[in-house]
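Starting from the known structure of chain A, arrange chain B on it as the hints suggest.
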Amino acid sequence: KQEVTQIPAALSVPEGENLVLNCSFTDSAIYNLQWFRQDPGKGLTSLLLIQSSQREQTSGRLNASLDKSSGRSTLYIAASQPGDSATYLCAVRPGNNDMRFGAGTRLTVKP
Amino acid sequence: KAGVTQTPRYLIKTRGQQVTLSCSPISGHRSVSWYQQTPGQGLQFLFEYFSETQRNKGNFPGRFSGRQFSNSRSEMNVSTLELGDSALYLCASSLGNVYNSPLHFGNGTRLTVT
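Chains as they are written, first to last, in the numbering used here: chain A, 1 to 111; chain B, 112 to 225.
Looking at chain B on its own, in the form it has when it is part of the complex:
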């Protein structure tokens, strides 16, 4: 079974630009969640989608948004990029049961904002 796939693997953008990251979950998984990982703040939850609906949202500004499609694939968008948005963005998928569904992570997209 194929794992979680994130594209692109690396991105370099300029301040003020916007960026879209993509995540393809494991087949059959209906939940996709996104995380930002930085050396200073560690892993922080961005949002979670289940069956195309946002189920939860972390404490990030409105510049960070996401969506999930009917095939469970998900995209994350960051508008008006800031230098502080440089991070590893990780996507995880699961079957969706909040009690017993482990998260399966992709290898992430490394975003550098200059």
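Chain A with its partners taken away, still in its complex shape:
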């Protein structure tokens, strides 16, 4: 059974800092891994999707990497801003298509 873990559960950083969020999964048989952000009381916003054959994806100040063999992904946020404050979730799409989500990392960027 696929398990997805995100560490840390919460993170507080000063504005301008570069930071890394971690995601690990137990079964490497996945179609893709996605990173989302969720603002309070809202749905999830897709940030990046990495296909199983890819190693990384970039969008603006965000860079996500995938190492399937070790069951790890990282989301790198450069030059953090207060508007980046949100909960960040990773999700994997395993071979049986049953989407699995991590519990999320709650990020606070202080001005």
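Worth flagging that the hints you see were computed from the coordinates, not collected in a lab. Quick caveat, the model's predicted, so the values are computed rather than measured. Do not take every clue at face value.
To be verified - Derived lysine-lysine pairs resembling DSS-like cross-links, with alpha carbons at most 30 Å apart:
1. K68(A) x K168(B)
2. K1(A) x K42(A)
3. K42(A) x K124(B)
4. K1(A) x K168(B)
5. K68(A) x K110(A)
6. K112(B) x K42(A)
7. K168(B) x K42(A)
8. K168(B) x K124(B)
9. K168(B) x K112(B)
10. K68(A) x K1(A)
Leaving out everything else, chain B in the frame of chain A:
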């Protein structure tokens, strides 16, 4: 392009009642999936529909059911509500390719069972 629309936004129901939630996907998206989000269990997959057929189902009791119409709109039904069904129910749509189609979420329906 309009995003994923979920209605209603909030619902309050009594134990034993049933409820139907609605989801309108992004135009052109053929896949709709449903999720339950609670503080204790996090985000859990309920089921996914693609072109009116259920493609996958999560580990939820049979009280939870869904369907998808020919225009890709989807409904989710929960019968015989229990207090533990109180949650944020999220719907997501995608083009449907399991390899490279990102999920686009609606803002959810907040269900409270009293």
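Query raised in the report: Which of the numbered hints are not met once you compare them with the structure shown?
Result: 5
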